[in-house]
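Enquirer: Sequence:
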Amino acid sequence: MQRKVMIACAVTGSADTPARNPAVPVTPPEIAASAMDAAKAGAAIVHIHVRDPQTTRPSMDGALYREVVERIRASGTDVLINLTTGPGARFIPGTDDPLKAAPGSTLALPAARVRHVVELRPEICSLDMGSMNMGGQVFVNTPSHLEAMATAIRDANVTPELEVFEAGHLMLAKRMIEAGHIKPPGLFQICLGISWGQPAIPEAVAYMSGLLPPDCVWFAFGISLYQFPIAAQTVLLGGHVRVGLEDNLYLAKGELAPSNAALVEKAARIVEILGDGVATPAEARQILKLSGR
Numbered sequence: 001m002q003r004k005v006m007i008a009c010a011v012t013g014s015a016d017t018p019a020r021n022p023a024v025p026v027t028p029p030e031i032a033a034s035a036m037d038a039a040k041a042g043a044a045i046v047h048i049h050v051r052d053p054q055t056t057r058p059s060m061d062g063a064l065y066r067e068v069v070e071r072i073r074a075s076g077t078d079v080l081i082n083l084t085t086g087p088g089a090r091f092i093p094g095t096d097d098p099l100k101a102a103p104g105s106t107l108a109l110p111a112a113r114v115r116h117v118v119e120l121r122p123e124i125c126s127l128d129m130g131s132m133n134m135g136g137q138v139f140v141n142t143p144s145h146l147e148a149m150a151t152a153i154r155d156a157n158v159t160p161e162l163e164v165f166e167a168g169h170l171m172l173a174k175r176m177i178e179a180g181h182i183k184p185p186g187l188f189q190i191c192l193g194i195s196w197g198q199p200a201i202p203e204a205v206a207y208m209s210g211l212l213p214p215d216c217v218w219f220a221f222g223i224s225l226y227q228f229p230i231a232a233q234t235v236l237l238g239g240h241v242r243v244g245l246e247d248n249l250y251l252a253k254g255e256l257a258p259s260n261a262a263l264v265e266k267a268a269r270i271v272e273i274l275g276d277g278v279a280t281p282a283e284a285r286q287i288l289k290l291s292g293r
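Following our numbering, the residues of the sequence shown are numbered contiguously, the last one being 293.
Everything labelled a hint here was simulated from the structure, so no lab data went into it.
Just so you know, even glycine gets a beta-carbon here, dropped at the ideal spot from N, CA and C.
Check the hints yourself; a few may be wrong.
Dumping the calculated DSSO-like pairs for lysine-lysine here, alpha-carbon to alpha-carbon at most 30 Å [to be verified]:
no.	residue 1	residue 2
1	Lys266	Lys4
2	Lys289	Lys183
3	Lys289	Lys266
4	Lys289	Lys253
5	Lys100	Lys289
6	Lys40	Lys289
Per label pair, the in silico range of CB-to-CB distance [to be verified]:
no.	residue 1	residue 2	range
7	Met171	Thr280	30 to 36 Å
8	Gln2	Pro213	22 to 28 Å
9	Thr142	Pro185	23 to 29 Å
Please model the entire structure based on the sequences and the hints provided.
Expert: Dropping the structure here:
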């Protein structure tokens, strides 16, 4: 029987990418328009970060999130909205005193990191399930902070997408499900190729997916040139797909992606070539056992 595969589109992210590809949306109107175009191309879910319109840098401004969400909802599309809670977790130790944060650190309290989720009530929000070295910085998500964030997300009736970058993150997520902080069986996103987490190789997809709780719904993605190979591997193993300009700026080798929609269209072709169908937002809600907003 043909399986329905959800495609999630990570629209902009927080990396310093707008200068590398002009298709990366920056302002709320650009982010919302790119998300809606991705939905028309086949994305059932859009994953949203916001950026400072003047600097293009990542932002935690609730007004920017509100404008993006309201524009998408006002468009009439039924695409599922997934808001990030990743900003507010980066730490760079000071050169002279490692206990003092150096410029570029963004550590914030759990309530600040989920405030926009509690206020806007999207269907889904991300929850990064552990700490790790990320490039030259530390990405800090302590168990106590994660428990506080997960509780606020649960109480807002939002489904957390549990982002796992390595096996230890996945095991912590399972423990938090067992403890009641997260509703079972959990919605997982396996994140591959980010320095210094699990590499974007088929063995990592198989290993990480093999550790997941029974009956959970899971996605996976690989960054950069691994985006589409990991998408294919994920479909073959029974998962769902994430693509988008947050993770990859290229449609093919040496060819910048002209839009998020183009990346979604390529992912949809992969799903269909492998014999499955692309899930609509309504079908995604059924798979995720979500009611409409």
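Enquirer: Next step is simple, just say for each hint if it's right about the structure.
Expert: Now the hints, each set against the structure:
| no. | hint | result |
| --- | --- | --- |
| 1 | Lys266 <-> Lys4 | holds (16 Å) |
| 2 | Lys289 <-> Lys183 | holds (12 Å) |
| 3 | Lys289 <-> Lys266 | holds (27 Å) |
| 4 | Lys289 <-> Lys253 | violated (38 Å) |
| 5 | Lys100 <-> Lys289 | violated (44 Å) |
| 6 | Lys40 <-> Lys289 | holds (22 Å) |
| 7 | Met171 <-> Thr280: 30 to 36 Å | holds (34 Å) |
| 8 | Gln2 <-> Pro213: 22 to 28 Å | holds (25 Å) |
| 9 | Thr142 <-> Pro185: 23 to 29 Å | holds (24 Å) |
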